[in-house]
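All chains, please: the whole structure from these sequences, using the hints.
Residue numbers (the numbering used here), protein chains in the order written: chain A, 1 to 92; chain B, 1 to 401.
Bear in mind the hints are in silico, worked out from the structure with no lab data behind them. It is possible that some hints are incorrect.
What the hints assert, rightly or not - With a cut-off of at most 16 Å between alpha-carbon atoms, the simulated EDC-like pairs for lysine to aspartate or glutamate come out as follows: (1) B:74 x B:64; (2) B:385 x B:331; (3) B:40 x A:77; (4) A:80 x B:38; (5) B:21 x A:82; (6) B:40 x A:82.
Said to hold, decoys possible - Ranges between beta-carbon positions, derived for each pair: (7) A:65 x B:75: 31 to 41 Å; (8) A:59 x B:44: 28 to 38 Å; (9) A:59 x B:32: 19 to 29 Å; (10) A:38 x B:280: 37 to 47 Å; (11) A:35 x B:286: 28 to 38 Å.
Just so it is clear, the structure is predicted and the values come from calculations on it, not from any experiment. All residues carry an ideal CB built from backbone N, CA and C; glycine is no exception.
What follows is the residue order along each chain.
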Amino acid sequence: MEKSKDIISRAMADLLEIPKDLVLDIPKITLIGKNELFLENHRGIIEYSSQRMRINLSRGFLEILGNQLEIRALLPDEIKIEGDINSCRFFD
Amino acid sequence: MINKFFDGLGGVITLLVKGKKQERIINLALSRGIYIWDIKWQGNHLSLRIRSSALQAFQAIAAENDFELEIVGKRGLPFLKTKVQRRIGFLGGAAFFVLALYVMSLFVWFIEVDGNKTVDTKQILQSAARNGLSQGSGKWRFSGSDIENAMLRELPRLTYVQCEIQGVKAHIKVVEKIWPDEEVLGPCHIVADRDGVVEEILVLEGQSIVKPGQVVGRGDILISGIVYPPVPETSDVSELLEPEEPSFVRARGTVKARTWYEGYGECPRRVETKIFTGETALEINLKTPWKEVCLKKAKLSKKSFYKLARKPIMANTPLGMWGIYINKYHEQEKQVQSYTEAQAIEIAREGGFNNLRRKIRPGVQISDSYIQVLSSPSDAIVRIKIAIESIEDISRVQPIE
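Structure below.
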């Protein structure tokens with residue numbers, strides 16, 4: 001059921017040329033160099049340490065590995081992370 | 001930037017969260033709409049910032065979930081009050097300084113007079129003082145236009161006065177009246193203004209006394225204002241009547257004469273001059289009514305020569321004269337210049353001519369000039385005598401007494 005709704009939403013977004021992050025509620029990541037990361041459409045923080053951060057998403061979670069990771073700003077939909085970012089991985 | 005400004009306006013608190021699984025508090029705060037930022041680990045504790053308005057709500061979350069909170073920093077306008085209370089003396093001093101500066105700026109401390117040539121500056125300042133503008137007078141006590149009008153009334157030799165107040169300085173700009181030459185209207189003679197040989201004479205009114213080629217001295221009558229009636233040409237003695245009374249007229253006319261001027265010029269064969277090297281040294285002295293204190297000393301070389309330009313900036317206060325002297329030392333170096341005899345004569349001649357030009361009235365036509373060297377070639381100074389022959393109008397009006 002969830003999958004079919006997702007397929008329809010995706011098809012509508014393609015047809016109407018609407019950004020998918022708005023229609024499908026999927027995360028949008030902006031990475032500036034390796035020091036700044038903006039994430040939109042998150043669902044809260046699962047784990048936070050200065051080397052590892054796990055952020056909840058609508059489907060799965062995002063794992064960020066690095067050094068001296070700091071949460072510069074935290075809003076209900078947006079998060080800004082600063083530090084030496086080494087990797088970003090998605091987990092379903 | 002705007003966010004930071006509003007955060008500062010509302011007040012920002014930096015907290016240290018202690019307890020287990022501190023990241024949980026982030027999600028809890030987020031779910032309750034508390035804006036948090038600058039979240040980082042400090043050892044085993046989580047440091048974060050919140051707005052001071054959200055402190056109570058955040059404390060409630062911490063209490064519900066067994067977290068311990070420690071306030072480590074407070075920043076912004078609401079917390080400024082305690083800082084102000086701590087530094088009340090400093091702030092009071094700053095406020096007093098601003099107030100004193102404002103009060104001092106309400107008075108005139110400097111008066112500058114400009115544009116006067118014949119009218120004495122002291123006279124202008126006295127007139128301004130009588131009308132309320134003097135050193136130390138309050139700016140609210142006088143009006144610039146009233147002073148201008150009053151000064152024009154008091155000083156008839158002035159045609160225009162502008163009184164401009166710029167900060168603590170009053171600038172009085174004056175323009176003097178130009179009076180026409182006094183013209184003699186009654187009967188008068190034309191007399192010689194200086195010695196000379198008459199070259200040309202043109203009589204418009206009066207009776208000519210001299211002829212071209214005649215030598216005249218200073219003060220001699222050239223055209224007489226006493227006109228005698230013509231003697232009738234008759235041989236009959238019986239027709240001779242009593243001589244008529246002479247008429248007095250205002251003699252008019254021009255008398256051009258050959259005149260001579262003598263001048264002197266000299267030039268040393270060896271001249272030592274001091275020329276500016278362009279190097280300057282600055283010295284600043286503070287002048288108080290009791291003592292003059294050096295604020296900055298100039299570094300002067302003992303081998304060099306200096307010319308001092310002193311610029312005082314003074315203010316007459318109720319406590320006495322206060323001010324600053326800015327001494328600017330311009331470095332000079334000695335230069336020796338030797339001249340040949342011909343060069344020295346030429347320089348002396350130029351100097352002599354310049355001296356003579358000051359004696360000669362403008363518009364005088366120079367017809368000839370002579371130079372006589374007075375010094376011997378072995379003299380250290382070349383001295384010359386210059387004689388100029390000119391043709392000029394020597395007439396001068398002299399009333400008949």
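Each hint, compared with the structure:
1. B:74 x B:64: 24 Å, violated
2. B:385 x B:331: Judged against 16 Å, a Cα distance of about 37 Å means the pair is violated.
3. B:40 x A:77: Since the Cα atoms of residue 40 of chain B and residue 77 of chain A sit roughly 19 Å apart, the hinted pair is violated (cutoff 16 Å).
4. A:80 x B:38: With a Cα-Cα distance of about 10 Å, the restraint between residue 80 of chain A and residue 38 of chain B holds, given a limit of 16 Å.
5. B:21 x A:82: 21 Å, violated
6. B:40 x A:82: 10 Å, holds
7. A:65 x B:75: 31 to 41 Å: 33 Å, holds
8. A:59 x B:44: 28 to 38 Å: 33 Å, holds
9. A:59 x B:32: 19 to 29 Å: 25 Å, holds
10. A:38 x B:280: 37 to 47 Å: Cβ of residue 38 of chain A to Cβ of residue 280 of chain B: about 59 Å, so the range 37 to 47 Å is violated.
11. A:35 x B:286: 28 to 38 Å: 54 Å, violated
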